[in-house]
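Enquirer: For the record, the sequence lines run as chains A and B.
At position 74 of the first sequence the residue is numbered 74 (my numbering), and the sequence of numbers has no breaks.
At position 205 of the second sequence the residue is numbered 205 (my numbering), and the sequence of numbers has no breaks.
Accuracy of the hints is not assured; some may be wrong.
[To be verified] For lysine to any residue, the following SDA-like pairs were computed, each having C-alpha atoms within a straight-line distance of at most 25 Å:
(1) B/8 x A/26
(2) A/22 x B/208
(3) B/256 x B/275
(4) B/142 x B/168
(5) B/8 x A/144
(6) A/177 x A/156
(7) A/61 x B/134
(8) A/177 x A/210
(9) B/256 x B/8
(10) B/133 x A/26
(11) A/147 x B/134
(12) B/103 x A/230
(13) A/177 x A/121
(14) B/103 x A/31
(15) B/44 x A/144
(16) B/70 x B/89
(17) B/256 x A/234
(18) B/70 x B/202
(19) A/61 x B/44
(20) B/256 x A/230
These are computed hints drawn from the structure, not numbers from a lab.
Here is what each chain is made of, one letter per residue.
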Amino acid sequence: MAVAARRLPRYREEVIWWDRIKIPLFYAVLIGWTIVCITPFWLSLVYSLMPKEHVFDMPPKLWPHPFSLDNYRVVVTTFELFPRWLLNSTLIAVVVTIVRTIFCAMGGYAFARLRFPGRNLLFILMLASMMIPPQVTLVPNYLIIAKVFHLLDNLLAVILPGITTAFGVFMMTQFYKSIPVELEEAALIDGANRFQIFFRIILPISRAALITLALFTFQGSWNEFMWPLIVLQTPENFTLPLGLKWFQSEYYTLYSIVLAGSLFNSLPIIIIFFVFQRYFIRSIAVTGLKGV
Amino acid sequence: MSPRLRRKLGEWLTAYVFLSPYLFVFGTFTVFAVGFAFYLSFTKYNLFSPPKWIGFANYTRLLQDEDFIKHALPNTLKYVAVVVPVQTVISLIVAFALDQEIKFRRLFRTLFYVPSVTSSVVISLIFMWMFNKVGAVNSLLKMLGLPSHIDWLNNIHTALPTIMAVNIWSTIGTMMIIFLAALQDIPVTYYEAAMIDGANRFQIFRYITVPLLRPVIFFVVTMGLIGCFQVFDQIYVMTAGGPLGSTLTIAYLIYKNAFQSTTPRMGYASAMAFVLAVMIFVATMLQRRIIETEPYE
Chain A
1 MAVAARRLPR
11 YREEVIWWDR
21 IKIPLFYAVL
31 IGWTIVCITP
41 FWLSLVYSLM
51 PKEHVFDMPP
61 KLWPHPFSLD
71 NYRVVVTTFE
81 LFPRWLLNST
91 LIAVVVTIVR
101 TIFCAMGGYA
111 FARLRFPGRN
121 LLFILMLASM
131 MIPPQVTLVP
141 NYLIIAKVFH
151 LLDNLLAVIL
161 PGITTAFGVF
171 MMTQFYKSIP
181 VELEEAALID
191 GANRFQIFFR
201 IILPISRAAL
211 ITLALFTFQG
221 SWNEFMWPLI
231 VLQTPENFTL
241 PLGLKWFQSE
251 YYTLYSIVLA
261 GSLFNSLPII
271 IIFFVFQRYF
281 IRSIAVTGLK
291 GV
Chain B
1 MSPRLRRKLG
11 EWLTAYVFLS
21 PYLFVFGTFT
31 VFAVGFAFYL
41 SFTKYNLFSP
51 PKWIGFANYT
61 RLLQDEDFIK
71 HALPNTLKYV
81 AVVVPVQTVI
91 SLIVAFALDQ
101 EIKFRRLFRT
111 LFYVPSVTSS
121 VVISLIFMWM
131 FNKVGAVNSL
141 LKMLGLPSHI
151 DWLNNIHTAL
161 PTIMAVNIWS
171 TIGTMMIIFL
181 AALQDIPVTY
191 YEAAMIDGAN
201 RFQIFRYITV
211 PLLRPVIFFV
221 VTMGLIGCFQ
231 VFDQIYVMTA
241 GGPLGSTLTI
251 AYLIYKNAFQ
261 STTPRMGYAS
271 AMAFVLAVMI
281 FVATMLQRRI
291 IETEPYE
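I would like the entire structure built from these sequences, with the hints used as guidance.
Expert: Pasting the structure below:
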């Protein structure tokens, strides 16, 4: 009691001044950072909705005035390459997402559940391969795509090396290790083979993990820049990020059209993020902590 | 063949069938590619004539390459030295603020993550417009009465810091979420025990929160290091290494040598890539020691 009485005043005094500024201070930090995060997107949206000669009207406008949808009209109708880039990007992202999610689940299942010679060695090699920076394999992979597969300037050049990733297989392995085996054992006793078990039992119950991996894959593929830049060469075959950069360097005076076009790249992924955000947030947190 | 052996062989076969797509990609685009890159790094290869063995010449040439020694190497190191600590500290502060009893926590978290889902190219294009000489940033500075005629991306003193700022801005979302998840995992009882013992808020932060976050800090810093050493997209889009090499980084120089020169230097680019890989590896190991050996009073 005596001890508590001696300590209490000091503790209380300190609490009082800190608690007074604490909540306002944290709100200030959060609101300040919100402004910093959102302003660039808001400004680019506002200026994309104004005629192109107003793109450097300063001080910054927070509302489009004069209003015009011209930039979007140019993007969608006049500039015929643009729909093509949108199509290429969509095609690549959708194919890579579907194929990679299934293949990574298959690989992860093998590592988590099946016994085979070389399993541990392969698993360690896979983990080690995640440490290799992409710059190391850039030159040889370009040569492989060009000289072995003859896929240069073909959308398949972007798809093929992306059909599985070490990260995806690793993530699915960890997931399958965390679910109970009883379900499969019952099916095995009933005489089902591993393929039936995988496609009929395992895939349906791994929905959450598959969605998480699919979202990550879609985001990565949709935004990817360096590899497509190297293997895609004619503007007809560009993906949206490549096309936007190319357009900006060819027509740098038409900046409001660049801003309008950028929205076609950022809006889909932002919408997907808003809809599926619990998957994104959980997976980042989980992979973050699992990676330790 | 006994049924047991048959079952075992069947399982092996099944496993390799399941793994075959991964093994194809891993074997071709990783194992073979790394070996091939290693071989190329000892050769002179310009795509037109077959690779010619030149021993360590590519590696020694790096030391005399002005682009590498005077620009790419110091720029990359500067970039890492500024961006990694700043992004880690800001994301920790933001996560800490979000971990309090705050209203609209989910909304804040969502908004903070938006820059991290947007493509690097789109972010670079938006910031090029904002950092234009007559753009929004200078206009804001003018309103505040500060110098406002800076041509941010065309000035050798401001181009690299501008790219640093863009990258810090766009990566904080991911790191903040990792920190927030870790903060929320710390049991409340630890804080309560420390408070009963008379620890003040700052002591609690210093002696409970930070030590418990140490593995996560290690993870976030590793992610940051890897990303920063490889910075490419923003450089390609915003400055192409200019003005006067002031934003040239190692990753961009690799690309330039291999794919942008009229006589591609594939061997030289590969050698540079291996040096970059070693740098990333050493930096990761070093920071692991620093974070782990910090005294635990």
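Enquirer: Of the numbered hints stated previously, which ones are contradicted by the structure, given in increasing order?
Expert: Hints 1, 5, 6, 9, 10, 11, 12, 16, 18 and 19 are the ones this structure does not satisfy, whereas the remaining hints hold.
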